[in-house]
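Visitor: Spelled out, the chains give:
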Amino acid sequence: MARASGPARARRVPAPDRRSVIQASVIVIGVLLAIFALPPLMNGYYTDTMTQVAIYSIVTLGLGLLVGRVGLYSLGQVAVLTIGAWAGARLLFATSQPYLLVLLEAGLATMVIGTLITLPALRLRGLYLALITLMLAGAVTVVLATINFPNGGGGFSGYNGSFLHIPQIRRPSLAGTDPAYYRYCVIIAIVMFLIVFAHLRSRPGRAWAAIRQSEPAALAAGINTTFYKLWALALASFVTGVAGALLAGADRELFSIDFPIQNSIELLAVVLMGGVFSLWGAVIAAFLLEFLPALLQDWGVPNDWLIIIFGVGVLQVLVTAPRGLADQFPKDMRRLGRLIWRLARRPAAVAVAAPGEPGAATGPAASTTEAARHD
Amino acid sequence: MPSWSDFQPFIVSGLALGGVYALSGVGLVVLYRATGVLYLAFGAVGAMGAFIAWQVQQQPGGWPGWLSWIVCIAFGGLVALGYGVVFGPALAGRGPLIQAVATLGLTLVLFGAIDLLWPTSAGQSRSLTFPTDGSGFTVSQVQVNWTQVIALGLGVVITVGTGAFLRFSKLGTAMRAMANDREITGTLGVPVRRVEAAAWFGCGLLSGLAGLLLADLSALDDTTLVFTVVISSLAAALIGRLRSIAVTFVAALVIGLVHDLITPITQIVNYQDMTPFVLAAIALLVASRGHITSRSREEG
Amino acid sequence: MSSSACGTSPGVKATGTPIILGGIDTKQPGTDFSDIENMTAAYFNCVNANGGIKGHPIKYYALTEQTNPSQIAAEARQLVTSDHVMGIVGSSSIIECSVDAAYWKSLHFSMLGAGIDPECWSTPNSASVNMGPRYSSDGAVQYVLSQGATKIAFDQSNVPGTTYIAGGPNAIAAAKHVQIQDFTENVPITSADGIAIKLVDAAGPSGAVVLNFTPPEALIILQAAQKLNLEDRVKYWACSTPCNTDFLAKSLGPKWNDKLFVNAELTPLDQDTGKTAQLYKAILAQYGGNVSGGVGSFSQMGFVNGEIAVSALESITGAYTVASVNAAFKAVTGFNTGMLCQAFTYGSYSEHIPNNEDYTVTPDNGIFVQAQGCTDISNSDPQIAAYRAIAGTAPSVPTS
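Chains as they are written, first to last, in the working numbering: chain A, 1 to 375; chain B, 1001 to 1300; chain C, 2001 to 2400.
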């Protein structure tokens, strides 16, 4: 049978709808701004802060994936981050491999370790699973406190206990300065987001959606839930491991006291507040976690207020806005936009009515205001 | 390998540590059985109550110690009651996972508040003491003070008492039913709001009392009381599958014992703080072996 | 005494172009050194209200950090590139000296602070008014050895640099052929009972337990020892400088009188009636509103930082720039702070340990009293020996 001719075939491909075109352009513009427009505007303080935002957006991406797509409330993602940071630092000190290779290796190592540690626990679900992740994270934290992060020393742990004149973790040869490293982190973050996005749009994403909807139903439909949960865990561990290696290069010196177990709780709080059902939520969460504290520090406000706000935020999200800020904010903005539009149109309608009878409005203006009122 | 006499004093200190975990762990499980919510803010509420008690004791004019204790316990009860009355209905039916995560919200709020109100600048070190701290009896050349005995005794009383209360009394049974399914219990004619309030208030009083004792036995320090003790005692609660108060109690004592008994073993002493986590992980994984088909509320 | 003695023109407000300085202190739950720079700020405010530096006020940026390396690096850059500071005074951080060492070196800054990080005593660009954990622990170990302890159990918190810190006490004990056992604890401490038993067992009946912790953690261990009735099972208990706060003395009962010995890096304040102490208390009372710890070694360090900085700035003739301010700090020689055992000299050395002579204090029913006067830290510590080889031994000065 003859194949359909060119134009007929083209007609069968659905044209991208306006909304997704706008969304895609907004994202592209935002990314370009972040990479090119921001660095010259930011002083050293905010460059470092935005680098942390970029790095932690990968971490929140991973946790958001687990919570939002698979329903796995992991209370130990910071421990996974430290594994990645440890692996990255060790490789950066011990080898002179190109940076991208180190990132990949750190990500893979974290993926393997993170998955292996959590694997036996996958049989559990719900609250138990969340609590066991907390227990595993606690164990990792103690191990880290004992072996410490590599700081240029020798041996397996690469830790030099004297802490004198320790070398700084190296950065990519093309991205040594702070603004350059910031751009590097943004680009890697985008790559991570694209990887997750690709997953969401293909088979694993559909399987995760089915599992989140109802795990028994998914099982009944023949989906291998354990396999896909493992995949989600592996993916989240991989991206978090890459983020950890980036963190090693950003901070240049790592200390175990910087990663106490309660950081995992704060991480979960901001991920919930940002919204677990959209990738934007991960970005918002990273801003809450890294940008807000820097801002408050700049204004001299104690960090404790932010902890309190996070606590309130968790409660608010769980009770009223389960889809988080990522969903709530655009809705609120749209409502605000409509309100402004209505306020702006009303004087025009009144001005049109004035020449004729009082209150009378002529055709087009009247129908527009009527439409706005029905919105 | 250290000798028996090297281990001996650590049995005493291990049991004391286990007593701390037992008090916290039993409190968590009791709350869970009575309200259906894993009240992770247990430590935070008790901690804030303890700090308030400390503050009361600092007031010029020599306020009596017992008054500060009552303030602390009452504070625990009121905060828990407030939280339960507001967020209990609001989150009812969302499942134990969401309800537990919500209590993490309360935890963060209280933690931030404690650090704001009682800063630790310049090495300000606060401590809460009881008259029973100074006296006790000697075992294996170390002194066991009465506060530790009281804490352990309280753990036993709570274990036995609430176990019996929940099983045999009308109010206790109503609480258990509500914890299991709030809506159905309501349709059965149980005054849901009142039972819920009673459960939260009672458990809140317990968290205040535990907070006092933990502040004395452990430290009047926010990170310790809000996070470290709770997370470690959570291990005991997990070993009890969040169900058996008695198993939680015993598990907590075992965790404390193992933790301290490792001290003389120099090869692994640096890892002793892993004890609660490793034991919980092992217990949960072993227990979940033959458990694939049966599902509990926590896994729903 | 009036606080106006801090400045050269009492009552005259400084109104010229400001001299800009900055500092970075650790401030997080459980570890809060912000009182140090707050007191330095108070000193500067006093000076600004009483004539300034030849009429110029000091503008002081007191930043705090939560031991986050990127945050610390960012704050250093903010101070330099946004706030245009000319010098760094009053820093007290667990890791700042290490994180920013290369940065300050590249800018040729000579920092004055109250260090904690081992790097603070090991670079050409930093001098501290205090001795820090290693040398302060040296002082504590030295004292108990001088009193006849036959074995040492040395315990510290598991923060960066434990090997470096333990190196000092180990060297001093080895020089006296006394056995020493090192321990570290994860903080915050939850199982103080086990720790107390462990330390007492290790030290033995004629030995000493030496602690290097922040005051809340040290208090927990000491209280545990007391509750277990173990405090008399060793001959001595000793502690590095952080324990030297009245909060600790008040919380410990009378059982610790002449039992616990704390190394004091600055003149014990409780019996000090000298002019400097009076000025310190006056400034604290009038300008130290946000020094929440009140009278104590932390605010004392901040005061001494302010003193030295102001004296250095007063010596500048000509414009106040990064170069002139840091040159002035570096040129401080033989300055009598009135609160240190020795005269303070910065000097052009590859490392700086200007405070290496100390007191020992002991609790006496709620306050700390002197147990031993100014004593040199022993040359058995190789770092001290190396420093004295290049800088000599500074002259002792009486408290004034």
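These are computed hints drawn from the structure, not numbers from a lab. Take the hints with a grain of salt, since some may be wrong.
As the list claims (entries may be wrong) - Only pairs whose alpha carbons sit at most 25 Å apart, straight line, appear in this in silico DMTMM-like list of lysine to aspartate or glutamate: (1) C:LYS2259 - C:ASP2376; (2) C:LYS2235 - B:ASP1181; (3) C:LYS2176 - C:ASP2201; (4) C:LYS2151 - B:ASP1133; (5) C:LYS2059 - A:ASP298; (6) C:LYS2250 - B:ASP1006; (7) C:LYS2235 - B:ASP1133; (8) C:LYS2259 - C:GLU2314; (9) C:LYS2105 - A:ASP17; (10) C:LYS2275 - C:ASP2258; (11) C:LYS2255 - B:GLU1183; (12) C:LYS2259 - B:GLU1183; (13) C:LYS2235 - C:ASP2272; (14) C:LYS2281 - C:ASP2201.
To be verified - Partner residues are not named here, just some residues of chain A that face chain C (Cβ under 7 Å, in silico): (15) LEU41; (16) ASN43; (17) GLY44; (18) TYR45; (19) ASP48; (20) GLN52; (21) SER162; (22) GLU215; (23) TRP231; (24) ALA234; (25) LEU295.
From the three backbone atoms N, C-alpha and C, an ideal C-beta is built for every residue, glycine too.
Visitor: Are the hints correct? Go through all of them and say.
Guide: For each hint, the structure was consulted:
no., hint, verdict
1, C:LYS2259 - C:ASP2376, "22 Å, holds"
2, C:LYS2235 - B:ASP1181, "62 Å, violated"
3, C:LYS2176 - C:ASP2201, "21 Å, holds"
4, C:LYS2151 - B:ASP1133, "30 Å, violated"
5, C:LYS2059 - A:ASP298, "16 Å, holds"
6, C:LYS2250 - B:ASP1006, "34 Å, violated"
7, C:LYS2235 - B:ASP1133, "23 Å, holds"
8, C:LYS2259 - C:GLU2314, "44 Å, violated"
9, C:LYS2105 - A:ASP17, "57 Å, violated"
10, C:LYS2275 - C:ASP2258, "29 Å, violated"
11, C:LYS2255 - B:GLU1183, "59 Å, violated"
12, C:LYS2259 - B:GLU1183, "63 Å, violated"
13, C:LYS2235 - C:ASP2272, "29 Å, violated"
14, C:LYS2281 - C:ASP2201, "42 Å, violated"
15, LEU41, "13 Å, violated"
16, ASN43, "5 Å, holds"
17, GLY44, "3 Å, holds"
18, TYR45, "4 Å, holds"
19, ASP48, "4 Å, holds"
20, GLN52, "6 Å, holds"
21, SER162, "4 Å, holds"
22, GLU215, "37 Å, violated"
23, TRP231, "32 Å, violated"
24, ALA234, "28 Å, violated"
25, LEU295, "12 Å, violated"
Hints 2, 4, 6, 8, 9, 10, 11, 12, 13, 14, 15, 22, 23, 24, 25, counting from the list given before, are not met by this structure.
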